[in-house]
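Q: Required output: the full structure, derived from the provided sequences and hints.
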Amino acid sequence: MPVRSTDFAELVEPVALERLYDAHAQSIFAFLLNLTRHEADARDLLQEVFCRLAACPGLMLGVRNERAFLLRLARNAAFDSMRRRATRDKYHEAFQAADPAPLFEDSPHPDEAKFRRALSQALAELPAEQRAVAHLKLWEEATFEEIAEMLGIPANTAASRYRYALDKLRVRLRPLYDEIRFLWTTSSNF
Amino acid sequence: MDDFEQFLKRQPARSLPPEWRAEILAAAGRDGGQISQINRKIGKAEDPPTIHDVPWWLAWLWPSPRAWAAVACAWLLIAGLETASVRSAGAVSSPALASAPGQKFQGIETILVALEKREEQFEKAARFQLESLESPREPEERERRGKPGACIRREQKIQVG
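The listed protein sequences derive, respectively, from chains A and B.
So the first sequence is residues 742 to 931, counted in this note's numbering.
So the second sequence is residues 367 to 527, counted in this note's numbering.
One or more of the hints may lead you astray.
[As the list claims (entries may be wrong)] A few chain A residues that don't get close to chain B, going by computed Cβ distances all over 10 Å:
(1) Ser822
(2) Thr828
(3) His850
(4) Pro851
(5) Glu866
(6) Ala896
[Said to hold, decoys possible] For the chain A half of the interface with chain B, some residues (derived, Cβ under 10 Å), not all of them:
(7) Leu758
(8) Ala771
(9) Arg793
(10) Leu794
[Unchecked claim] In the DSSO-like style, the derived pairs of lysine-lysine whose C-alpha atoms are separated by at most 30 Å in a straight line are:
(11) A/Lys855 to A/Lys909
(12) A/Lys909 to B/Lys375
(13) B/Lys375 to A/Lys855
Simulated from the structure, these hints should not be mistaken for laboratory data.
Built from N, CA and C at the ideal position, the CB exists for glycine as well.
A: Written as structure tokens, this is what we have:
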């Protein structure tokens with residue numbers, strides 16, 4: 742058997758894990774933060790993903806799209822965690838909705854900062870499935886086929902969830918967006 | 367994508383705190399290594415090979431070696447049981463089934479009959495051992511008790527006596 746080493750635990754972890762972390766951890770964290778809306782939970786889940794990779798070095802074997810695979814791992818971990826919490830603590834979801842963690846960087850411009858806070862809040866109000874699709878479409882620039890594969894849903898379902906999510910965001914954020922766009926066209930600060 | 371979507375896309379996500387990198391990688395190295403060690407200690411199958419040194423045919427099989435091994439074991443077990451039962455039970459099958467086009471039913475029935483016989487043998491042996499442990503008896507008595515009709519013969523003996 743043309744396998745170089747039998748001690749797989751020592752083969753891949755240090756170098757490959759670091760490479761994967763540097764390449765994908767930011768995206769995974771942003772996705773997890775959007776799903777869980779809790780920084781500590783997102784951190785724990787991010788660690789869980791990398792622990793799983795370290796425990797099973799062959800998990801990435803043959804994977805063509807590393808980012809999509811890792812996001813799928815993260816999504817499964819997040820939904821398992823949410824399911825466990827739902828049975829353990831009925832009030833967790835309510836607490837999270839009341840005070841979701843900010844998703845975006847602060848901005849020095851007050852209007853832009855206000856828009857980002859409103860966007861963060863609007864995303865928190867979406868159902869988790871729609872939030873996941875919206876995040877992958879907008880900030881990971883995934884196609885509906887890729888999103889369908891990552892989330893284990895049909896592509897049409899991904900497309901319709903995205904449309905619903907976007908419609909809700911549009912309704913919620915239109916006034917602010919129009920205000921900022923007006924400022925943008927009239928000011929040179931943006 | 368329209369302007370609104372483009373504008374949403376441009377909003378930058380929060381950065382990952384840099385201090386997390388060392389902590390998460392250290393935890394992954396520690397916990398992942400422990401899990402691998404535990405797997406090795408309890409004799410679990412070795413971790414799959416890395417992506418670096420696997421031929422194409424192995425890469426096709428290797429994503430789930432345990433699944434393939436489990437399927438192979440199940441087939442071997444079924445084949446072994448069928449062979450053993452056919453040899454020990456002989457041609458045990460109903461005439462109707464023997465002539466039926468589906469010979470598989472004959473095989474399954476043979477296996478079931480053989481299993482039932484084995485169960486009976488185990489029960490007899492267990493009863494025999496239990497009785498021998500309960501009280502010491504003469505070998506003849508023990509043998510007689512194991513055979514059918516022993517109780518009737520004993521009663522007849524008492525009546526005659």
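Q: Taking the numbered hints from earlier one at a time, note which ones the structure violates and give those numbers from smallest to largest.
A: Going through the list in order, the structure violates no hint and respects every one.
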